[in-house]
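These are the residues of each chain, in order.
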Amino acid sequence: MFLVRKLSSSFLKLAFMSLLFASTSVAQADESAIAYVKVLNGACYVESAGAERILQIGDPLYKDDIVKTRNESSLGVSFRDNTLVSLGSNSSLKLNNFEFDPDNKKLAFAVQLFEGTLLYISGIIAKLTKNPDEDLQISTPAGTISVRGTKMFVRAE
Amino acid sequence: MPKFISKFLLSILFLVLAGCSAPRGNYVILLPEEDGSVGEVSVRNDAGVQTISSVNTVVEIPDDKAPKKPRELSNDIVAKLVAETEAAQPPKPLSFFFFFGFDSAELTEESNVIFASVLAEIATRETVDISLIGHTDTIGASDYNKELGLRRADNLRDKLIENGIDGGSIDIKSLGEENPLGGGEGQGGRAFNRRVDMVLR
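Protein chains in written order, with our numbering: chain A, 992 to 1148; chain B, 331 to 531.
Keep in mind the hints are simulated off the structure, nothing from the lab.
Note that CB positions come from ideal geometry on N, CA and C, so glycine has one too.
Among the hints, erroneous ones may be present.
Between beta-carbon pairs, the in silico distance windows are [as the list claims (entries may be wrong)]:
| hint | chain 1 | residue 1 | chain 2 | residue 2 | range |
| --- | --- | --- | --- | --- | --- |
| 1 | B | Ala417 | A | Phe1105 | 16 to 24 Å |
| 2 | A | Phe1105 | B | Lys410 | 21 to 29 Å |
| 3 | A | Pro1132 | B | Ser447 | 40 to 48 Å |
Between the sequences and the hints, there should be enough to build the whole structure, so can you do that?
Okay, structure coming up:
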């Protein structure tokens, strides 16, 4: 009981601190976020900078993150260029590279599906790029997929 | 049954099965986009490459072998394979235009109406992130216009925050006069260029 109380009070402190932090950064856009979690079914995880945590709706995702689903879980994310990606159960996807800066002609979208299923709907990068083979890559253990503006389904094992 | 007939039947059976058997292992299926258009996908590994450009076509990629020749799948099989993953697709991103008066960073009345419909759309989504890009006409110095475009986007962001949207998920920038809409710089064209483009995801 004591332990529970102690734990909950430190949770409270943590929550308070994060509230403080949130209020100071409230109007500051998260420039390095490349995508946001829009759909979550069941428990999904992200491996970010070596640590794994459970995902919440609205979480930002960053370059090099690995998103993972388990049995009977699935998720959907949208990237800053409007690319839409969803993963079925038991899937794992690494966000290898993403650059969306049309004004400076910097465009890149590269993800790696280690296992599972992925549904991809292309966004603005696919429309603007002049070098789709280099700028747009979806790799799987068996081969690399290059895309010219499309919707497609990929499975890897 | 004579041998040649059973061979014949077997080969027909094989053809039928090849057309409708579900793909296995690693594979890619090309799907139609919402507007019915179809793109193109190339699948490549050390042993070879295959390109597909028609709907419901699959390329299977065996381990350590070239991607197989593409084949078409039935709608039923494709629907079954993609169902779980498709159900997790995020809602479609939407674009909105907000217009402003000459040299003004205040929303016009029509823009306030559009703002109300944006709030209604946001209410239907579990979470949103928003991009705002400010634009201006070409009257005045380009530095001034860049700053004016930013003030326009800034005002719209403040209005979103006032309505409970998290500022951390709103991304703003200004292109000033660099990116006219519709190109025309006549009276009507200028009014179109005094705007903020919003993308709601």
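Enumerated hints in conflict with the structure, sorted upward: none
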